[in-house]
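Visitor: The residues making up each chain are set out below.
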Amino acid sequence: MRNDASEEPEHGEGAEDAAPEFSIARSNALLPLLVLFAVTVLAVVLVIVRAKPFVPTVGVAADRSFAPSDFPALFAKDEALVGIQGGDPGSPSVLFPVPAPPFTEGLFPCMECHATFPPDRERRPLEAMHTDIVLHHDEEHRWCLDCHDADDRNQLRLASGVLVPFTESYRLCGQCHGTQYRDWRSGIHGKRTGYWNGAKRYMLCVHCHNPHSPRFASLQPLPPPMRPQFLHREVGTASVETKGGPGAGEAH
Amino acid sequence: MPERPTDRMPGETDEALGEHALSRRDFLTSVGISLAGMLAGCSSETREAFFQKHFLELTPDEVERRLVRIRDDCDRQFGREVSISALPAQPGVVFGYALDLSRCIGCRRCVYACVKENNQSRAPQIQWIRVLEMEKEKGIDFEDGNPYYDPERVPDPDHFYLPVACQQCRNPPCTRVCPVGATWQERDGIVVIDYDWCIGCRYCMAACPYGARHFNWGEPGLPPEDLNPNLHILGNRPRPRGVVEKCTFCIQRVRAGRYPACVEICPVGARKFGNLLDPESEISRILSEKRVFVLKGELKTDPKFFYFYGI
Chain A
37 MRNDASEEPE HGEGAEDAAP EFSIARSNAL LPLLVLFAVT VLAVVLVIVR AKPFVPTVGV
97 AADRSFAPSD FPALFAKDEA LVGIQGGDPG SPSVLFPVPA PPFTEGLFPC MECHATFPPD
157 RERRPLEAMH TDIVLHHDEE HRWCLDCHDA DDRNQLRLAS GVLVPFTESY RLCGQCHGTQ
217 YRDWRSGIHG KRTGYWNGAK RYMLCVHCHN PHSPRFASLQ PLPPPMRPQF LHREVGTASV
277 ETKGGPGAGE AH
Chain D
33 MPERPTDRMP GETDEALGEH ALSRRDFLTS VGISLAGMLA GCSSETREAF FQKHFLELTP
93 DEVERRLVRI RDDCDRQFGR EVSISALPAQ PGVVFGYALD LSRCIGCRRC VYACVKENNQ
153 SRAPQIQWIR VLEMEKEKGI DFEDGNPYYD PERVPDPDHF YLPVACQQCR NPPCTRVCPV
213 GATWQERDGI VVIDYDWCIG CRYCMAACPY GARHFNWGEP GLPPEDLNPN LHILGNRPRP
273 RGVVEKCTFC IQRVRAGRYP ACVEICPVGA RKFGNLLDPE SEISRILSEK RVFVLKGELK
333 TDPKFFYFYG I
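Quick mapping for you: the protein sequence lines, in order, are chains A and D. This note's numbering applies: residue 37 is where the first sequence begins, and numbers increase by one. This note's numbering applies: residue 33 is where the second sequence begins, and numbers increase by one.
Isolated chain A, as found in the complex (with noise of 0.2 Å):
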């Protein structure tokens, strides 16, 4: 048979009229189309046996899925609607219906204790009391009573001199934050909920800024999605067999 093979061209050669059939079994293609065939196959079975593991190029692996009741803390409440009288649609919105200052627990009235011993309005590091603040906040040219009344602890002072409850503290924060300020009165900068055609909930300046430390505090992120690499493992879960594509021919 090789004989035949290596003869067959000098054959064809000689009387080219006389082969006009190819056979690929006669010819001396068959033996490299053979090699090529088997190392194409050795590189496959290679490459399925010695597959490693999928390692992402950027980001986490991201191999588990997450779902919100993973997070109850967070996701459990909705407090979207508190405080808000109900959703009438049409009617106009309903001004600055803000929650309560966040006060820490204990703490207000202030004059419930600063009544009891005189105003020191020389500026200095404070070390009796309320030594958790610290101040970050153009620290350089402002101290506590630059916001706070020095008689009346209980309510703000804005730079005119006008006293303002603490419910009303951004007006105080909108002397210096102009912008933000009338951003916040027409909705775009800050939070709110409720009904995007009626009355609306507000968030204060320092619900969100510590006005003592007003840079937005980080958070930790939730988990990122899951990599489409594993999600096979998940539709298997579900009992039926779609790896592959199922296309949609059940759907109902």
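Some hints here could point you the wrong way.
Straight line, CA to CA, 25 Å or less: simulated DMTMM-like cross-link-like pairs of lysine to aspartate or glutamate [unchecked claim]:
#	chain 1	residue 1	chain 2	residue 2
1	A	Lys236	D	Glu113
2	A	Lys236	D	Asp310
3	D	Lys85	D	Asp104
4	A	Lys236	A	Asp99
5	D	Lys332	D	Glu321
6	A	Lys113	D	Glu113
7	D	Lys85	D	Glu175
8	A	Lys113	D	Asp258
9	A	Lys236	D	Asp226
10	D	Lys170	D	Glu184
11	A	Lys113	D	Glu257
12	A	Lys88	D	Asp310
13	D	Lys85	D	Glu96
14	D	Lys332	D	Glu218
Keep in mind the hints are simulated off the structure, nothing from the lab. Remember, it's a predicted structure, so these values are computed and weren't measured experimentally.
Dock chain D against the given chain A, drawing on the hints supplied.
Guide: Frame of chain A, contents of chain D only:
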């Protein structure tokens, strides 16, 4: 039996067909009769589901019957009472959405609030919002956007975060490619899907430039205790396997006047929602006062989901 040459292959004879040979006509007749018998025998709900009409062609009465059917299905599947509505679009309302990129810290609260509100499958996991982490140096760069970031704390000082869900295009490519018309844009601008009509061909997923549509590859896994019982027929009702689903601006909430779930959970207030036709709404003020942009504007999809820098 009279000779019917058209029923035979050439060369076939009565002997070849045998004594009990059925002609094509007899066969089709008996199949038709037995099918009719089956349909007559089954319940009216099953018959209605089989011969259902497109959602937009339903009379109010038929919509009501379909709501009852879905309510019964939920009762059977989850063993829970649900309320389902088909509340139509309010007149004079087109919904718009804006997201403040200067505020978003990438905490993913919105992703999970959305899943909770809209009854997505928990396993296999489906999420409608995808938050992309991008480098501040590069700017908006979808090529290197990383949805799998997971640092200890966010925001990372070198990155910003771009949440992407359905952009609710005014010129939606997804609705145009649907071969059966199972997805369309409502009067208030929300692009919805009729899950009863979707055949699962996923053309819309290929057409969407934002990756906003998601397919139920497996039977959706939704524990009964996690079901949100406040449903809308075009929104968050439990989906079957083999249909596409997408963000509907929480149609069950916004048509009743409430903010979408992602707006209400956002801890930084980066998400803004309202009526584009109302000049006093938050969204209108943002469009008139801030510099806004849309994603992939060059595609002329004309989204109603805007991004802006509030600072």
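Visitor: Take the hints in turn and mark each one as holding or not.
Guide: Structure-based check of each hint:
no.	hint	result
1	A/Lys236 <-> D/Glu113	violated, 29 Å
2	A/Lys236 <-> D/Asp310	holds, 16 Å
3	D/Lys85 <-> D/Asp104	holds, 19 Å
4	A/Lys236 <-> A/Asp99	violated, 40 Å
5	D/Lys332 <-> D/Glu321	holds, 23 Å
6	A/Lys113 <-> D/Glu113	holds, 20 Å
7	D/Lys85 <-> D/Glu175	violated, 42 Å
8	A/Lys113 <-> D/Asp258	holds, 14 Å
9	A/Lys236 <-> D/Asp226	violated, 32 Å
10	D/Lys170 <-> D/Glu184	holds, 23 Å
11	A/Lys113 <-> D/Glu257	holds, 15 Å
12	A/Lys88 <-> D/Asp310	violated, 57 Å
13	D/Lys85 <-> D/Glu96	holds, 13 Å
14	D/Lys332 <-> D/Glu218	holds, 19 Å
The structure fails to meet hints 1, 4, 7, 9, 12 from the earlier list, while all remaining hints are met.
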